[in-house]
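All chains should be built: construct the whole structure from the sequences, respecting the hints.
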Amino acid sequence: MDSNTDMVDDSLVAQSLEDVHLTASDSPQERRGSSPRSVESTPPSTPNGYDITKELEDVPIDLRALVYISMPEHLNCPVCQLPFINPYTTICGHTFCKTCIMETIKSPLGSKCPLDRIELNYNDERPDSGETTFNDIFPAPIILSNITDDLQVRCLNEPRGCTWVGPRWQIKQHLVNNCEHTRFECDHEIDNKVCGKLTERRFLGFECPHQPLACDKCGEEVTLVTKDHHLMNECTKNLRKCLGCNLEFPEKVYESHEKYCEKIYIKCPGSQYGCEWRGSREVLHEIHTSECVFLKLSNYFEKQETKYTDLADENRMLRSQLSTILDSITQGKLTNLGYSLQLEEIMDNQSVEPFKLFDNLQEKDFIQLLMEFEVLKTDVNRLRSLVSERDLDKQLVTVLANDNVQIKDELDNHTVALTSIKQQIQFMLMDRRRLRSKFNSTESVIPSEQDSSSSTSNRFTNKL
Amino acid sequence: MGFGSNRILKELKQFQASDSLQLIPSDDISVQYVDMKVGNNPLYPETYRLRFIIEDDYPFAPPQVQFVGPNKIPIHPHIYSNGHICLNILYDGWSPANSLRTVSLSVQSMLSGNTDGSRPEGDHQYCKSAPKNPLHSKWVFDDDSI
Numbered sequence: 001m002d003s004n005t006d007m008v009d010d011s012l013v014a015q016s017l018e019d020v021h022l023t024a025s026d027s028p029q030e031r032r033g034s035s036p037r038s039v040e041s042t043p044p045s046t047p048n049g050y051d052i053t054k055e056l057e058d059v060p061i062d063l064r065a066l067v068y069i070s071m072p073e074h075l076n077c078p079v080c081q082l083p084f085i086n087p088y089t090t091i092c093g094h095t096f097c098k099t100c101i102m103e104t105i106k107s108p109l110g111s112k113c114p115l116d117r118i119e120l121n122y123n124d125e126r127p128d129s130g131e132t133t134f135n136d137i138f139p140a141p142i143i144l145s146n147i148t149d150d151l152q153v154r155c156l157n158e159p160r161g162c163t164w165v166g167p168r169w170q171i172k173q174h175l176v177n178n179c180e181h182t183r184f185e186c187d188h189e190i191d192n193k194v195c196g197k198l199t200e201r202r203f204l205g206f207e208c209p210h211q212p213l214a215c216d217k218c219g220e221e222v223t224l225v226t227k228d229h230h231l232m233n234e235c236t237k238n239l240r241k242c243l244g245c246n247l248e249f250p251e252k253v254y255e256s257h258e259k260y261c262e263k264i265y266i267k268c269p270g271s272q273y274g275c276e277w278r279g280s281r282e283v284l285h286e287i288h289t290s291e292c293v294f295l296k297l298s299n300y301f302e303k304q305e306t307k308y309t310d311l312a313d314e315n316r317m318l319r320s321q322l323s324t325i326l327d328s329i330t331q332g333k334l335t336n337l338g339y340s341l342q343l344e345e346i347m348d349n350q351s352v353e354p355f356k357l358f359d360n361l362q363e364k365d366f367i368q369l370l371m372e373f374e375v376l377k378t379d380v381n382r383l384r385s386l387v388s389e390r391d392l393d394k395q396l397v398t399v400l401a402n403d404n405v406q407i408k409d410e411l412d413n414h415t416v417a418l419t420s421i422k423q424q425i426q427f428m429l430m431d432r433r434r435l436r437s438k439f440n441s442t443e444s445v446i447p448s449e450q451d452s453s454s455s456t457s458n459r460f461t462n463k464l
Numbered sequence: 001m002g003f004g005s006n007r008i009l010k011e012l013k014q015f016q017a018s019d020s021l022q023l024i025p026s027d028d029i030s031v032q033y034v035d036m037k038v039g040n041n042p043l044y045p046e047t048y049r050l051r052f053i054i055e056d057d058y059p060f061a062p063p064q065v066q067f068v069g070p071n072k073i074p075i076h077p078h079i080y081s082n083g084h085i086c087l088n089i090l091y092d093g094w095s096p097a098n099s100l101r102t103v104s105l106s107v108q109s110m111l112s113g114n115t116d117g118s119r120p121e122g123d124h125q126y127c128k129s130a131p132k133n134p135l136h137s138k139w140v141f142d143d144d145s146i
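Listed in order, the protein sequences are those of chains A and B.
Just so we're aligned, residue 1 is where the first sequence starts under UniProt numbering, counting upward by one.
Just so we're aligned, residue 1 is where the second sequence starts under UniProt numbering, counting upward by one.
Among the hints, erroneous ones may be present.
Output of the computed footprint for chain B on chain A, the stretches with three or more beta carbons under 8 Å from beta carbons of chain B [unchecked claim]:
(1) 106-116
(2) 157-164
So the derived label-pair ranges between C-beta atoms look like this [to be verified]:
(3) 25(B) with 366(A): 53 to 63 Å
(4) 366(A) with 132(B): 35 to 45 Å
(5) 327(A) with 28(B): 33 to 43 Å
(6) 72(A) with 37(B): 30 to 40 Å
Hints were generated in silico from the structure; no laboratory data involved.
Each residue gets a CB set at the ideal place from its N, CA and C atoms; glycine is no exception.
Quick look at the structure:
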């Protein structure tokens with residue numbers, strides 16, 4: 001564990017105080033002002049956990065040190081590349097942590113968007129309100145803070161053994177009120193002096209956990225805090241029996257013994273690929289290794305697995321690149337930086353010639369298209385006149401047809417009239433004949449020479 | 001280094017899935033080396049090594065970026081024979097949204113698009129008087145074509 005000596009504790013206090021300066025709400029000046037920590041002395045890959053050394057209310061938490069369970073790429077600030085903390089959006093639609101964008105404005109880049117370098121207007125601190133107001137930089141929609149605050153994170157005390165996982169907004173409450181691994185200054189008195197050592201919450205009780213005790217096994221002097229560590233790593237009398245060879249070993253060497261004990265039962269190394277064999281290490285080396293099919297294939301399996309993970313990694317990377325590019329396309333901002341820096345550069349450097357060629361080609365095509373268009377236009381005009389002629393013809397035809405119908409009607413009328421006249425004439429002829437025959441009978445004594453003339457006239461009427 | 005160190009660790013992971021850019025494992029997080037291959041350009045058949053020195057104010061200030069030995073320094077009209085690179089995003093044009101990877105890609109594309117096999121003008125003179133840190137040189141960016 002990490003609380004054995006005062007020296008360690010002191011350096012941790014110093015570090016934790018510096019961490020306090022790194023919190024999201026603090027001004028960047030303070031960050032710059034803090035003495036630069038040399039990288040070797042505090043490797044960032046092994047954070048030490050969370051200590052509370054001041055008043056409980058005044059315990060900012062370095063949200064940037066949090067370890068996230070999953071980090072959706074889209075929720076990452078382009079500057080710190082971590083999920084947004086107090087996100088602010090620029091007029092050009094990009095979002096950053098508030099501290100990140102404010103720090104950027106103070107950096108050599110100046111008041112430009114780090115992604116597309118659009119000039120951002122903002123007013124410096126107003127003396128009357130003391131508030132910094134920005135016209136082109138404003139708080140992002142609250143839903144974004146809600147989403148990022150809900151991301152699952154691990155406890156800052158994970159290196160000390162805390163297994164808590166929860167939403168980011170709960171981390172402060174967890175660390176301050178609940179986490180058993182948060183360290184406090186021990187306020188018990190030893191020899192009339194306040195102990196003051198940083199102690200994890202789980203050791204704080206009625207008595208000072210730093211009081212010397214005697215180890216149950218070896219009698220060496222330990223404290224409540226160091227007891228676990230002592231038993232596992234130092235004590236020579238804390239024995240554990242090996243299940244394989246039935247010999248007893250101190251805890252601190254047991255693990256290494258377990259690795260080499262010839263009698264202990266172990267699984268076949270090929271078990272991850274499906275071998276169910278179990279037996280002592282001796283038998284494994286002498287017999288099973290030469291028989292096991294899975295073991296023989298394990299080389300191949302491993303190769304496949306690494307290939308597979310490589311491909312999966314590549315896939316993930318490509319997918320994220322693709323989504324970034326798609327994003328910038330949908331936003332119409334393909335020329336901005338971030339990812340598009342590469343795009344821009346590549347275009348500038350590699351595609352100058354092809355682009356020119358493409359332009360020329362387009363021009364040529366355009367002219368050709370224009371000519372074709374003209375030809376088609378004249379064609380259309382010609383056809384249009386033809387069509388209008390045809391229309392005129394059609395009108396004429398309909399007029400003629402109408403006339404035709406009229407004429408036909410008239411003709412019919414005439415025919416009717418004619419037949420009626422014919423009938424009338426016949427009737428009149430009949431009448432006349434009747435009258436003639438009457439006339440003949442009355443003048444039967446007419447001389448014979450008159451007979452011949454009457455017969456000719458008779459013939460004439462018959463003709464009619 | 002502020003949150004820079006956290007960010008660098010994240011950035012180093014971005015190199016893993018890349019073939020032409022190979023990150024060289026380094027004990028010191030503030031000094032990183034990247035081996036670069038340039039495909040499709042006969043001017044650059046070899047592997048070149050880029051060195052990044054990351055300062056405390058990263059990512060708000062640019063890292064020091066230059067080519068270093070033991071490999072050769074690529075011949076390019078914007079790369080001096082002491083390894084210094086004339087590229088505006090490494091100096092005035094730096095943006096905190098850039099990363100070690102995007103910078104490497106920019107340099108890579110600068111090489112792959114080049115057809116001019118010469119050093120910059122006044123190369124000898126510059127190398128004699130140049131400061132060790134390329135950030136301390138005064139750069140003038142006038143050529144947008146390369």
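Going down the list of hints, with the structure as the test:
{"no.": "1", "hint": "106-116", "in the structure": "holds (count 7)"}
{"no.": "2", "hint": "157-164", "in the structure": "violated (count 0)"}
{"no.": "3", "hint": "25(B) with 366(A): 53 to 63 Å", "in the structure": "holds (56 Å)"}
{"no.": "4", "hint": "366(A) with 132(B): 35 to 45 Å", "in the structure": "violated (55 Å)"}
{"no.": "5", "hint": "327(A) with 28(B): 33 to 43 Å", "in the structure": "holds (35 Å)"}
{"no.": "6", "hint": "72(A) with 37(B): 30 to 40 Å", "in the structure": "holds (32 Å)"}
This entry does not satisfy hints 2, 4, going by the numbered hints stated previously.
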